[in-house]
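Listed here are the chains, written in short residue letters.
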Amino acid sequence: MSRLAPGHRGCAGCCDAIAANFVLEAVGDDAIVVNPTGCLEVMTTPYPESAWEVPWIHSLFENTASVASGIEAALRALGRKGDTKVIAMGGDGATVDIGILGISGAFERGDDITYVCIDNEAYMNTGVQRSGATPFNASTSTSPPGRQSFGNSRPKKNMPAIIAAHGSPYVATTSISYPKDMMRKVKKAVDIEGATYIHTHAPCATGWRFDTSKTIEIGKLAVETALWPLYEMENGEITSARKVKKPKPVEEYLKAQGRFKHLFTMEGGKEEISKIQDIANWNVEHYGLL
Amino acid sequence: MSGKMTVVEGSYAIAHSVKVCRPNVISAYPITPQTHIVENLSQFMADGEIPNCEYINVESEFSALSALIGASATGARTYSSTSSQGLELMHEVLFNASGMRLPIVMTVVNRAVSAPISIWNDHQDSISQRDTGWIQLYAEDLQEMSDMTAQAFKVAEDKDVMLPAMVCMDGFILSHVSEPVILLEQELTDEYLPPYDPEYKLDTSNPLTFGAFADPSAYTEFRYLQQKGMDVALGKIEKATEDFNKIFGRYYGGLIEPYMAEDAEILLMAMGSVVGTIKDVIDKARSQGIKVGLIKVRTFRPFPVEAIHSAVSDAAIVVTLDKNISIGLNEGALFTEVKSCLYNSDINVPVMGFMLGHGGRDIRMSTIQMIIDKAAQAIKSGIKIESEYADLRGELL
Amino acid sequence: MKVTIGGAVKPGTTRINKTGGWRNFRPLYHKDKCVRCGLCSLLCPDSSIHEQEDKYVIFDFDYCKGCGICANECPKDAIEMVLEEK
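Protein chains in written order, with the numbering used here: chain A, 1 to 290; chain B, 1001 to 1397; chain C, 2001 to 2086.
No lab work stands behind these hints: they were computed from the structure.
If you're wondering where the values come from, they're calculated on a predicted model, not measured in any experiment.
Watch out, some of these pointers could steer you wrong.
As the list claims (entries may be wrong) - Which stretches of chain B does chain A cover? Using the computed rule of at least three CB atoms under 8 angstroms from a CB of chain A, they are:
| id | segment |
| --- | --- |
| 1 | 1045-1058 |
| 2 | 1066-1077 |
| 3 | 1112-1122 |
Just so you know, even glycine gets a beta-carbon here, dropped at the ideal spot from N, CA and C.
Take these sequences, add in the hints, and give me the full structure.
Next comes the structure, spelled out in structure tokens:
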């Protein structure tokens, strides 16, 4: 049974649950999973219940990678490693912000773990606060639009590039809207020895404000507008990128979500949308999406 | 006392003790004055002297202890070491380890905490962590420290304890000094310390979830069970030192060690290396007819209330020496806790407290003598000041 | 329920919590339109759509939260969200 058990407390349409299911299906039962504090952890493990069918541990918010390193070392020391995969699965806040120290260490050491970042682009579990992965001009509870603001004023932290710079043999971006692509890449990552990284886009209906049925649809728009490029990097070089034949204008993606709605009603919003279009255009250029 | 003595640096003796305790995962980050311990362990690893062991070169103390959370949960025997700022950085993880009942053993090489920054010895670092749910043991000298390391594993990993343990040694005073020590023999240690075999672990053949969140209906009981582990640890510490004596032929107290305490009117209480100095001063004072004795506190957590009650009940005054302070209360922790454990009992012995040795300030025999004189004075005319510094340099103020 | 030392929890035990009560809408299966692609079962965040031996699906209404992803993504419109009647 390589999925989360039903009965967990995830929102209807929860992107974290979908992401976790794909990872579990791709990896199978011979895995130990580490989670930081966050939606996925809280919704799956209210004592005395657990939705996890594999060995699983939650320690703190910012030490996912370190705990995973420790588990992997213990398995080897005890002669129990076999084919067991150690998977660290964390949200964007726990990965690109508070957990970056541990990740950097694990990847510098090349510990044999796979880190999957489930990126729903804010600190969702605590009430949709802005993280280093929140996209430019997105509205969050700590980067709201107002008389002097269009929302989050910084672009997303390029975490895949940071990991690749650590010399990881395999780094890939995925989206839960492209299940086969995601599962293929996760499988590839866990089978490669060393520290590998998957950064998956996960549209959150509650935080981004769209109907629960549209989780997959929104994710597709992110890829089709080139705002979320799907690519693989091996030993620091981009070795594959999913082409986007005719990138849709970013408006189609933005207008479908409550967190960008202000850009369509505020004065100067049009100018801000064109800046977001610039980001998409840069992605097309940089990752070779055409 | 059997066994061959060799002169080694304190840090080497500790590293050797860790080695023969057969750890599976060592994870530590360098900080003065712990560095020689981890350097020695690294050399042992490089020479293949520690089988079935992985050494993780982590990027911070926070990561060091976090890695051991994962390793211990997987069923490995785990070890780390740190001091001062490193221990403070681990603060969050300390609670986590105790709450998840992972018997990690850590040498704390006691060092003062910043600010002001200081690399020299006092107990502020480990004392400031006394509420985290870790067993805390303090060693007087290298031999005790070396032996206590093995005893810590035995107690921590006991099925009825399952709590992490801090073994504290004074930085520089013990870590960087060479003394004759009987290093733990591998065969005897194997006899003393069984392999680590936890009931719950991360294992694909029996998947379990660790670290679930507890809502208000279940949380308190976890705290209760941790305390219960501590209560059991009191007896297990005494048994561990007795069993150690049976195999290694050395014994110097379980929870506490009395020194010339039976008929003492003035009873000093202290932890760590200062005990050695105190014993010398007591010898001298006794030769002058002063009835002074010492209770060395080996175990600070669990706090040995009953042992202390029995030890102090016949004294005229108890005087605690603390290498730490609670700012805002102006008391050292040993003073506060001894005073409080006597308050509701029917033991009517007054308690005075002296804070000294902060930031590595040398504790002289004359300072201890001054403390004994003040205690004698207090017996006659009552305690004037219950808690004060013994070594404050007024000329700097 | 007695607490265990350290709080280790057995796997899959969230099943005791039937989240079906969360629904406002429920999926209505038009089997005649279904081409057995398995996408709905793959996507369901609550693992509440199960492929049978013949590859047609059944819905687990004990847990289905009525999110509507299955209906929105079905390439053949074989699933329709209808109001949950109590």
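Right, here's what the structure says about each hint:
| no. | hint | verdict |
| --- | --- | --- |
| 1 | 1045-1058 | holds (count 6) |
| 2 | 1066-1077 | holds (count 11) |
| 3 | 1112-1122 | violated (count 0) |
Hint 3 alone, counting from the list given before, is not met by this structure.
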